[in-house]
Amino acid sequence: MTPNSEGNSTSVSNIEQTAAAWLLRREAIDWSPADQIQLDRWLAQNSSHRVAYIRLQSVWQNTPRLKSVAAGLPQGVPPPGLIERTPFFSMHRVAAEDSAAPGGLEGFEPLAPIVVRDANCSPDHTREFRGPGQTGCVLGAARIRWPLAAGLLLLAACGGWYFWPGGTTYTTQVGGRATVPTKDGSTITLNTATQLRVRLTDTERHVTLNHGEAYFEVARDPKRPFVVSAANKRVIAVGTKFSVRTEDNQVRVSVTEGTVRLEEEAQRGGRSPENLDHETAKLLPAGTVAVTSATEPAAVRVRREDVPAVEQQLSWLTGSIVLARTPLPEAIAEFNRYSTRQLVLESDPALQSTVVGGNFRTNNLDGFLRLLEQGFGVHATQDGERIILSRK
Amino acid sequence: MDDDFAAWFAREILAHEAALTRYIKHSWAARGEIADIRQEVYAKVLEAAERQRPTQPKAFLYATARNLLIDRARKHRVVPIDRLQETDTQNVLIDTITPERNATGLQQLLHLTQAFEKLPARRREVLWMRKIEDMSQKEIASRLGVTEATVEAHLIRAMRHLTDLFYGNEKAGAGGELQTHPDATEVHHDPKLRR
Numbered sequence: 001m002t003p004n005s006e007g008n009s010t011s012v013s014n015i016e017q018t019a020a021a022w023l024l025r026r027e028a029i030d031w032s033p034a035d036q037i038q039l040d041r042w043l044a045q046n047s048s049h050r051v052a053y054i055r056l057q058s059v060w061q062n063t064p065r066l067k068s069v070a071a072g073l074p075q076g077v078p079p080p081g082l083i084e085r086t087p088f089f090s091m092h093r094v095a096a097e098d099s100a101a102p103g104g105l106e107g108f109e110p111l112a113p114i115v116v117r118d119a120n121c122s123p124d125h126t127r128e129f130r131g132p133g134q135t136g137c138v139l140g141a142a143r144i145r146w147p148l149a150a151g152l153l154l155l156a157a158c159g160g161w162y163f164w165p166g167g168t169t170y171t172t173q174v175g176g177r178a179t180v181p182t183k184d185g186s187t188i189t190l191n192t193a194t195q196l197r198v199r200l201t202d203t204e205r206h207v208t209l210n211h212g213e214a215y216f217e218v219a220r221d222p223k224r225p226f227v228v229s230a231a232n233k234r235v236i237a238v239g240t241k242f243s244v245r246t247e248d249n250q251v252r253v254s255v256t257e258g259t260v261r262l263e264e265e266a267q268r269g270g271r272s273p274e275n276l277d278h279e280t281a282k283l284l285p286a287g288t289v290a291v292t293s294a295t296e297p298a299a300v301r302v303r304r305e306d307v308p309a310v311e312q313q314l315s316w317l318t319g320s321i322v323l324a325r326t327p328l329p330e331a332i333a334e335f336n337r338y339s340t341r342q343l344v345l346e347s348d349p350a351l352q353s354t355v356v357g358g359n360f361r362t363n364n365l366d367g368f369l370r371l372l373e374q375g376f377g378v379h380a381t382q383d384g385e386r387i388i389l390s391r392k
Numbered sequence: 001m002d003d004d005f006a007a008w009f010a011r012e013i014l015a016h017e018a019a020l021t022r023y024i025k026h027s028w029a030a031r032g033e034i035a036d037i038r039q040e041v042y043a044k045v046l047e048a049a050e051r052q053r054p055t056q057p058k059a060f061l062y063a064t065a066r067n068l069l070i071d072r073a074r075k076h077r078v079v080p081i082d083r084l085q086e087t088d089t090q091n092v093l094i095d096t097i098t099p100e101r102n103a104t105g106l107q108q109l110l111h112l113t114q115a116f117e118k119l120p121a122r123r124r125e126v127l128w129m130r131k132i133e134d135m136s137q138k139e140i141a142s143r144l145g146v147t148e149a150t151v152e153a154h155l156i157r158a159m160r161h162l163t164d165l166f167y168g169n170e171k172a173g174a175g176g177e178l179q180t181h182p183d184a185t186e187v188h189h190d191p192k193l194r195r
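One line per chain: the protein sequences are C and W, in this order.
Just so it is clear: in the first sequence, position 134 is 134 by this note's numbering, and no numbers are missing.
Just so it is clear: in the second sequence, position 44 is 44 by this note's numbering, and no numbers are missing.
Note that these hints are calculated values from the structure, not bench results.
For each residue, glycine too, the CB sits at the ideal point set by N, CA and C.
Fair warning: there could be bad hints in the mix.
To be verified - Pulled from the structure, derived: some chain W residues nowhere near chain C, Cβ distances all over 12 Å:
1) Ala29
2) Ala30
3) Gln39
4) Ala49
5) Pro54
6) Thr55
7) Gln56
8) Ala59
9) Phe60
10) Arg66
11) Ala73
12) Arg74
13) Lys75
14) Val146
15) Thr147
16) Ala158
To be verified - Label pairs and their calculated CB-CB ranges:
17) W:Thr150 <-> C:Glu373: 41 to 47 Å
18) C:Arg303 <-> W:Glu50: 21 to 27 Å
19) C:Glu204 <-> W:Arg11: 46 to 52 Å
Using the sequences and the accompanying hints, generate a full structural model.
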């Protein structure tokens, strides 16, 4: 008979407490073989001990990896409000087509729960919600509290129901990032300066990416395809993980798991059906990056890479910019996405052809500038919201 | 402890924690007992896997959970058995919303980052000093001007809380407090639990 099936009055909480203490003690410098014997004995005593130990260890042993996320932080300073706290982020309530939506800009409070107030309702209706809703929403970078499960009811009570176009609009500001669980179990992570609308129906889960970039972790549901519209393209998935980014009329799709289908947006009342051309639909397996042009619908460049390479390009998910032999103009364009302070590179051939590498937090513009000034003979001049980079 | 086994257990069993917790919650009314039940399920699975790793870990995990719940329900006479059966048919559905399943390195780091973000300031701070800046508990204590025992207490809380958040434990995520188990002393164990 195993120890576990004997009477056991020790609570899970106490066992976990002991397991955690063991894990800490084991990391101390004075850990001895005798200690190890004691630990082994404790582990052997009861399978609950082993479960608690393995469970805590599986997370604890990975914590040093957090360092890579905080690359660029000055050393010796414990993380301030932290990785996801970006000075440019603010909460913003956006209600699609709802002109009465309050601007909703509030002081950023990294760890405070976000509370939704419906402007049309009495203040007493303020509530915190745990689940994603179907109507106007609030995002916080550091912490998202689930607005409006009952929002529908509030709205209905307030008379807005009949005019509601459906769907929820999410917005991030420049430098912001937010993760949004949707009701179907999927997760959407919005990158800087992104706006999208989510509409769930019985037959389809539809996201319209108005601008910016987002990463989708789609819960499997064969009966309800997950469709992302961006520019004139549709990206269709059943259960998979991929990102969609729009920029300068281009759409870029990066797939990290499963397969997605990329096709032209069907145009209503526009061109003739044959132009919609289902044969141009492309299947993109994991490890693929597809870049399309909005002006030439037929032009889709598909690049096969491996999954780690694609994931590296999505390093913004952990709040970092990974540069690997990246031309300086590209690196600057990347930083500019995350900041209202814009870097401008002088048209100096030597600067234009400089190649840089490194791992930065998206909001660590100053660290990047310091590196350029120290290591690359670059001089930075502040000019209002612009920073001009020239050769020393 | 066998590292390979621990990694297997984390990857194949613990990764389902969020969905498993929902499953137990759905089937069991007493909220205070959820964590105990989950722990008991884990312990059963672990004992079995130490003898021989199941070929279908996820299915085995849910079968274990269901059997345990049925036994408990019989004993307590609180939940009609048929409710458990109904839950069982929803397994597939519940499980499809487990994004952790095939989490790659990057996604794990993403989850870890998100969990870390949700820690209260002090816990984040001590964790950071210990694991990223590699300071000893003693050094942390003198930096913060507190006793070593206090640092250890903070570290333990940080570790447990981070783990709960990482595996998607909703309660910890919402309240920022560790779970307490008022009913813990009343946990019933039945040596004849079926596998």
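Against the structure, the hints come out as follows:
1. Ala29: 19 Å, holds
2. Ala30: 14 Å, holds
3. Gln39: At about 4 Å from chain C, Gln39 of chain W fails to clear the 12 Å cut-off, so the statement is violated.
4. Ala49: Given a closest Cβ separation of 10 Å, the condition is violated.
5. Pro54: Nearest chain C Cβ is 15 Å from Pro54 of chain W, so the label holds.
6. Thr55: 20 Å, holds
7. Gln56: Answer for Gln56 of chain W: holds, closest chain C Cβ roughly 18 Å.
8. Ala59: Consistent with the label, Ala59 of chain W stays out of reach of chain C, its closest Cβ about 17 Å off (over 12 Å).
9. Phe60: 15 Å, holds
10. Arg66: 18 Å, holds
11. Ala73: 19 Å, holds
12. Arg74: 17 Å, holds
13. Lys75: Its Cβ never comes within 12 Å of chain C, the nearest being 15 Å, so this holds.
14. Val146: Check passes; 14 Å lies beyond 12 Å.
15. Thr147: Per Cβ check, Thr147 of chain W is outside 12 Å of chain C; nearest 15 Å; holds.
16. Ala158: 9 Å, violated
17. W:Thr150 <-> C:Glu373: 41 to 47 Å: Taking Cβ atoms as reference, Thr150 of chain W and Glu373 of chain C lie about 42 Å apart, which means the hint holds.
18. C:Arg303 <-> W:Glu50: 21 to 27 Å: Taking Cβ atoms as reference, Arg303 of chain C and Glu50 of chain W lie about 45 Å apart, which means the hint is violated.
19. C:Glu204 <-> W:Arg11: 46 to 52 Å: 33 Å, violated
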